[in-house]
Amino acid sequence: MKILVVDDSLVYRTAIVRLLKDNLPEADCFTAGDGIEGLATYLRERPNYTLLDLLMPGMTGQEVLKKIKETDPAAKVIILTADIQKFTEKEVRDLGAWFFVHKPITREKVIALAEIIKGAS
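Per the numbering used here, the sequence shown runs over residues 28 to 148.
In case anyone wonders, no lab produced these hints; they're calculated from the structure.
Treat the hints with care, since some could be wrong.
As the list claims (entries may be wrong) - Capping the alpha-carbon separation at 20 Å, the derived lysine to aspartate or glutamate pairs in DMTMM-like fashion look like this: (1) K29 <-> D99; (2) K145 <-> E53; (3) K96 <-> D61; (4) K48 <-> E135; (5) K94 <-> E118; (6) K117 <-> E135; (7) K103 <-> E90.
When you get a sec, could you build the whole thing from the sequences and use the hints?
If you want it as structure tokens, here you go:
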């Protein structure tokens, strides 16, 4: 299983990958630090799951999500964001987000995500 983590915070990327690997040791994790790199990595690696921040340089998470879904309508994209506005959640769900998680990301949230991924695999 391949998982892509796209977030402009190196701290978040590192912590999420570490926690995912603790709970999904079989996963191959890839990371990207902005939207442009994230989309390129998605197209190259074709991950089973993508964890995607919204507020990033280069290309927003919404733009990345839209491009991913145009390429692969079945893509499972999990949005990770500090934006708590209901409008934002509705917007990304309308664009095809599979799941939505509010930051800050905690160990418990990543464990729950790992369980959701296990259940869907």
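Check each numbered hint from earlier against the structure, then list the numbers of those it violates in ascending order.
6
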